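One-letter residues, chain by chain:
Protein chains: 2
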Amino acid sequence: MKEIHVGSMRFSLDPGQPLYEQVLAHIRSAVARGELPLGARLPSVRELAQALQINPNTVMRAYRELEREGLAESHGSQGTYITRDAGRVEAVRRDLAAAAVAAFLAEMERLGFTLPDVVRMLQERSDADTP
Amino acid sequence: MKEIHVGSMRFSLDPGQPLYEQVLAHIRSAVARGELPLGARLPSVRELAQALQINPNTVMRAYRELEREGLAESHGSQGTYITRDAGRVEAVRRDLAAAAVAAFLAEMERLGFTLPDVVRMLQERSDADTP
DNA sequence: TTTATGTATTATATCACTTAATACATTTAG
DNA sequence: CTAAATGTATTAAGTGATATAATACATAAA
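Protein chains in written order, with this note's numbering: chain A, 1 to 131; chain B, 1 to 131.
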């Protein structure tokens, strides 16, 4: 899994997982954690495709999904830009986190762990992490 | 998503997700939480396939994976049985939980949440759950 | 005018998943 | 002994998501 740098972003793609989803997730997390500032210009479709050695259509698909989520806006021939709506970014961040938490807890409960069990496990890990 | 009862197990399959993985996950969680006792006999391949309205090969694939994990054993023409090795079950349960935790934390960190952040979120949910 | 951009279309390829249709050996039940 | 149920194996085919390829067009900036 080679790391590819494009602008301020680092990509590491895993063939075997959908590429457009990985590109999407990379950019999304870059926005969520502020690595990509509001209003930042994304690499052009062709440019990113070239850098990642994937098809432009695959990048387009990721960009379209970013637009659908309200994280990016296409400015015609000027390029694609991260939204300037900080609230939108925060909302997406929250939604994704909520979804991750829900899926995680569901999985843990399937394995027979209760919510307090899970809290305890993570608590311990947190303690071990910062002693 | 219709619920189908087979013996002591309830199945609800979602076309669009790999069927063999769903069958696998259902049985795995049934074992992990003790719903399926040690040494229990699983439905025959044909029987389960018939009940779930899927192909016997698909069930076979799930059963083979259960064997690979050490959760089930094929007893030839007598059927397929859950292992009697309680330690093995517990180990699988632990492994699956550890994997789920790792994946979850990685995802949350991608979204810019630290481990203490996550602990706090789940803590709050736990408090709200049991007031 | 040239260039870079987003966008769209059509075709093809690949791969995982699923179904289908049998077939065989072994064990249990009658 | 016979019949039935079981796990197992094989071969073929179908389906859908994903990805690539090759173009094409309109717009805006240089």
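Hints listed in this document are in silico derivations from the structure and should not be mistaken for laboratory results. You may find that some hints are simply not true.
One copy or any two copies: either way a pair holds, since identical chains are not told apart in the list.
Derived SDA-like pairs (lysine to any residue); straight-line CA-CA distance at most 25 Å [claimed, not checked]:
#1 K2 with L111
#2 K2 with A103
#3 K2 with V92
#4 K2 with E21
#5 K2 with P15
#6 K2 with E107
#7 K2 with R125
#8 K2 with T83
#9 K2 with G87
#10 K2 with R94
#11 K2 with D127
#12 K2 with L105
#13 K2 with A102
#14 K2 with G112
#15 K2 with A106
#16 K2 with A99
#17 K2 with M108
#18 K2 with M60
#19 K2 with S12
#20 K2 with H75
#21 K2 with G70
#22 K2 with R46
Note that the structure is predicted; figures quoted are calculated from it, not measured.
Here is what the structure says about each hint:
In this assembly of identical chains, K2 and L111 lie within 25 Å of each other by CA distance solely across copies; the values are 22 Å between and 34 Å within a copy. Proximity of K2 to A103 under the C-alpha cut-off of 25 Å is restricted to the inter-copy arrangement: shortest distance 20 Å between copies versus 29 Å within a copy. Neither within a single protomer nor between protomers do K2 and V92 lie at most 25 Å apart by alpha-carbon distance, with minima of 28 Å and 31 Å respectively. Only within a single protomer do K2 and E21 lie at most 25 Å apart by alpha-carbon distance; the minimum there is 17 Å, versus 29 Å between protomers.
For the homomeric pair K2 and P15, the shortest alpha-carbon distance inside one copy (11 Å) is at most 25 Å, but the shortest distance between copies (34 Å) is not. In this assembly of identical chains, the alpha carbons of K2 and E107 lie at most 25 Å apart only when taken from different copies (20 Å versus 31 Å within one copy). In this assembly of identical chains, the alpha carbons of K2 and R125 never lie at most 25 Å apart, being 29 Å within a copy and 38 Å across copies at closest. For the identical chains of this complex, K2 and T83 are neighbours neither inside a copy (29 Å) nor across copies (41 Å), given an alpha-carbon limit of 25 Å.
With identical chains, the CA atoms of K2 and G87 are never at most 25 Å apart, being 34 Å at best within one copy and 39 Å at best between copies. Proximity of K2 to R94 under the C-alpha cut-off of 25 Å is found in neither arrangement, the shortest distances being 30 Å within a copy and 31 Å between copies. Neither within a single protomer nor between protomers do K2 and D127 lie at most 25 Å apart by alpha-carbon distance, with minima of 33 Å and 43 Å respectively. Only between protomers do K2 and L105 lie at most 25 Å apart by alpha-carbon distance; the minimum there is 22 Å, versus 32 Å within a single protomer.
Only between protomers do K2 and A102 lie at most 25 Å apart by alpha-carbon distance; the minimum there is 21 Å, versus 31 Å within a single protomer. In this homomeric assembly, K2 and G112 come within 25 Å of each other (Cα to Cα) only across copies, at 23 Å, whereas the closest approach inside a single copy is 37 Å. Taking CA atoms no more than 25 Å apart as the test, K2 paired with A106 passes between copies only; the shortest distance there is 19 Å, against 33 Å inside one copy. Taking the shortest Cα distances, K2 and A99 sit within 25 Å of each other only across copies (23 Å), while inside one copy they are farther apart (29 Å).
In this assembly of identical chains, the alpha carbons of K2 and M108 lie at most 25 Å apart only when taken from different copies (23 Å versus 32 Å within one copy). Only within a single protomer do K2 and M60 lie at most 25 Å apart by alpha-carbon distance; the minimum there is 22 Å, versus 36 Å between protomers. Taking identical chains as interchangeable, the C-alpha atoms of K2 and S12 lie at most 25 Å apart only when both belong to the same chain, with a minimum of 6 Å there against 39 Å between chains. Taking CA atoms no more than 25 Å apart as the test, K2 paired with H75 passes in neither setting, with 31 Å inside one copy and 45 Å between copies.
Taking the shortest alpha-carbon separations for K2 and G70, neither the intra-copy value of 30 Å nor the inter-copy value of 34 Å comes in at or below 25 Å. Taking identical chains as interchangeable, the C-alpha atoms of K2 and R46 lie at most 25 Å apart only when both belong to the same chain, with a minimum of 20 Å there against 45 Å between chains.
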